[in-house]
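2 protein chains.
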Amino acid sequence: MSSLKIALVQTQAHEDRKENLKKAILNVEKASALGANIICLPELFLTRYFCQSEDTTCFDLAEPIPGPATNRFCGEAKKRGVFIVCPLFEKRASGVYHNSLVLIDPAGEISGIYRKMHIPDDPGYFEKFYFAPGDTGFSCFETGFAKIGTLICWDQWYPEAARIASLKGADIIFYPTAIGWHTNEDEHSKKTQLEAWKTVQRAHAISNGIYVAAVNRVGFEESGENSGGIDFWGNSFVCDPQGAVISEASGNREEIILADVDLRKLEETRRNWPFLRDRRIDAYSELRQRFIDNDSGT
Amino acid sequence: MSSLKIALVQTQAHEDRKENLKKAILNVEKASALGANIICLPELFLTRYFCQSEDTTCFDLAEPIPGPATNRFCGEAKKRGVFIVCPLFEKRASGVYHNSLVLIDPAGEISGIYRKMHIPDDPGYFEKFYFAPGDTGFSCFETGFAKIGTLICWDQWYPEAARIASLKGADIIFYPTAIGWHTNEDEHSKKTQLEAWKTVQRAHAISNGIYVAAVNRVGFEESGENSGGIDFWGNSFVCDPQGAVISEASGNREEIILADVDLRKLEETRRNWPFLRDRRIDAYSELRQRFIDNDSGT
Chain A
1 MSSLKIALVQ TQAHEDRKEN LKKAILNVEK ASALGANIIC LPELFLTRYF CQSEDTTCFD
61 LAEPIPGPAT NRFCGEAKKR GVFIVCPLFE KRASGVYHNS LVLIDPAGEI SGIYRKMHIP
121 DDPGYFEKFY FAPGDTGFSC FETGFAKIGT LICWDQWYPE AARIASLKGA DIIFYPTAIG
181 WHTNEDEHSK KTQLEAWKTV QRAHAISNGI YVAAVNRVGF EESGENSGGI DFWGNSFVCD
241 PQGAVISEAS GNREEIILAD VDLRKLEETR RNWPFLRDRR IDAYSELRQR FIDNDSGT
Chain B
1 MSSLKIALVQ TQAHEDRKEN LKKAILNVEK ASALGANIIC LPELFLTRYF CQSEDTTCFD
61 LAEPIPGPAT NRFCGEAKKR GVFIVCPLFE KRASGVYHNS LVLIDPAGEI SGIYRKMHIP
121 DDPGYFEKFY FAPGDTGFSC FETGFAKIGT LICWDQWYPE AARIASLKGA DIIFYPTAIG
181 WHTNEDEHSK KTQLEAWKTV QRAHAISNGI YVAAVNRVGF EESGENSGGI DFWGNSFVCD
241 PQGAVISEAS GNREEIILAD VDLRKLEETR RNWPFLRDRR IDAYSELRQR FIDNDSGT
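Read top to bottom, the protein sequences are chains A and B.
The first sequence runs 1 to 298 under our numbering.
The second sequence runs 1 to 298 under our numbering.
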């Protein structure tokens with residue numbers, strides 16, 4: 001089989017965790033009925049985006065892998081015969097929490113775990129307080145349909161992550177995401193940010209010759225005192241190996257978007273744009289440096 | 001000084017090398033009169049794009065560094081008090097030719113050499129026949145105004161190159177280019193290619209928080225028998241550290257475009273999008289592999 005259907009579930013998170021779980025299960029059922037083979041949910045979809053403030057009680061929201069949430073989605077994956085990319089707030093040990101996801105296969109088994117490698121920390125996105133940096137590396141998983149890379153949100157700004165997943169054979173990279181605007185930003189700034197977000201991910205598709213699927217949450221959320229709130233901008237999308245957007249969600253409502261992933265298109269693109277062939281792997285060692293001081297040029 | 005003016009010279013190359021040289025000198029004079037501090041010419045602008053076929057007599061077009069062409073531009077840089085990014089076909093030794101550029105400073109001295117690191121080879125772009133892969137690494141040069149990275153054409157598809165130049169301190173990366181469409185391509189395909197070319201370079205600006213300046217040639221050229229010809233698509237542009245295009249040329253005529261580069265904008269962007277802070281330099285060693293076989297995931 002050279003093509004498959006993927007579904008991205010763009011949702012709004014509510015205060016009630018049970019409601020979020022119930023809605024996600026319903027969306028998996030819907031996406032499955034629409035013919036999806038792989039269904040991807042947004043980053044930390046089970047809860048409001050609690051990282052708007054630093055609050056130790058929020059660690060109560062985390063759960064182990066496997067745990068109640070993954071068990072529930074494993075059952076659903078088996079029932080529907082689908083793969084589910086299921087992000088969650090992972091409790092690995094007391095004091096060791098991660099922003100993670102599990103890949104669940106149609107047998108209802110967890111076939112992979114990814115722990116967010118790049119952790120942001122900005123006003124309203126205090127993730128370094130909550131999440132230990134991932135130690136999984138940049139993974140790629142075999143689904144039988146295609147190999148999929150799974151990265152999370154802030155990872156999407158790093159070409160290194162997309163490249164390594166691609167070198168491991170990823171045909172598609174999924175980016176579960178929680179990104180939005182602060183309420184005090186002007187329209188021009190909002191537009192620039194959204195455009196940059198899409199551009200940098202489309203570029204990962206182009207430079208690696210892969211499909212990219214970004215799944216964002218949507219709607220306004222305020223959590224914690226004086227957080228000011230974040231307006232999550234939706235705009236989930238899928239682009240093909242030439243960076244052309246082939247499926248796209250709105251900026252203001254919950255919806256499931258679908259896309260057909262055609263591995264023949266990937267093969268054709270890489271034959272015509274053979275970027276992977278010409279990488280100068282002898283000259284990339286400096287990528288492992290934080291910064292290169294006082295380089296004098298040639 | 002925190003801002004400077006750069007000029008990109010988008011030109012068509014003619015059969016007569018002397019005419020191309022004369023026109024380039026005139027364009028440097030014009031750009032200088034318009035207030036440019038740094039002037040960048042397109043890849044291999046002194047000649048037609050001879051790589052459309054493999055022909056050993058074309059090696060006659062190469063010249064050493066320093067040599068007649070660089071001497072001419074050194075004189076012009078000193079006369080006008082400007083920096084010139086001057087690409088040329090370099091003869092380094094018999095059998096060792098490069099697709100190179102020199103950075104010439106306002107004192108009329110060559111202050112840097114860059115030799116194209118990523119060499120393409122596609123129908124109509126037979127560069128592996130002509131050019132030995134560069135051995136300069138990905139350089140960055142101090143101009144006093146700003147640090148500039150210089151890369152060439154095919155390099156523009158490689159985030160590794162842009163990243164290393166940025167880690168060396170580049171505030172702006174210049175990409176002298178010769179890219180176009182084959183004549184038998186349909187409009188949809190042409191549009192997709194042009195959009196991908198712009199997208200991948202704008203993404204370098206975004207993920208590194210730098211300015212990017214791409215300088216293409218323009219117009220139809222046929223060289224060699226049965227080459228079919230290439231319609232060079234122009235569209236030279238400059239984008240800011242958020243990937244917003246701030247200056248842009250047409251797709252069908254010779255022109256000089258100008259842009260103001262504001263290092264305060266760069267500083268502001270990196271404060272709000274601190275991507276360089278969070279790179280996982282402990283986890284990037286796999287970037288030095290050609291491909292990673294049989295990775296089993298986590």
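Among the clues, some could well be false.
Note: identical chains are not told apart, hence a pair may lie in one copy or across any two.
Straight line, CA to CA, 20 Å or less: simulated DMTMM-like cross-link-like pairs of lysine to aspartate or glutamate [as the list claims (entries may be wrong)]: (1) Lys18 <-> Asp186; (2) Lys265 <-> Asp186; (3) Lys128 <-> Asp262; (4) Lys147 <-> Asp55; (5) Lys79 <-> Glu254; (6) Lys147 <-> Glu286; (7) Lys22 <-> Glu286; (8) Lys128 <-> Asp282; (9) Lys23 <-> Glu185; (10) Lys22 <-> Asp135; (11) Lys128 <-> Glu267; (12) Lys5 <-> Glu222; (13) Lys79 <-> Glu185; (14) Lys190 <-> Glu267; (15) Lys147 <-> Glu222; (16) Lys91 <-> Glu54; (17) Lys191 <-> Glu286; (18) Lys5 <-> Asp262; (19) Lys191 <-> Asp282; (20) Lys147 <-> Asp122; (21) Lys190 <-> Glu268.
Just so you know, the hints here were simulated from the structure itself, not pulled from any lab data.
Those earlier numbered hints the structure runs against, lowest number first:
Those not satisfied are hints 1, 3, 4, 5, 7, 9, 10, 11, 12, 13, 15, 17, 19 and 20.
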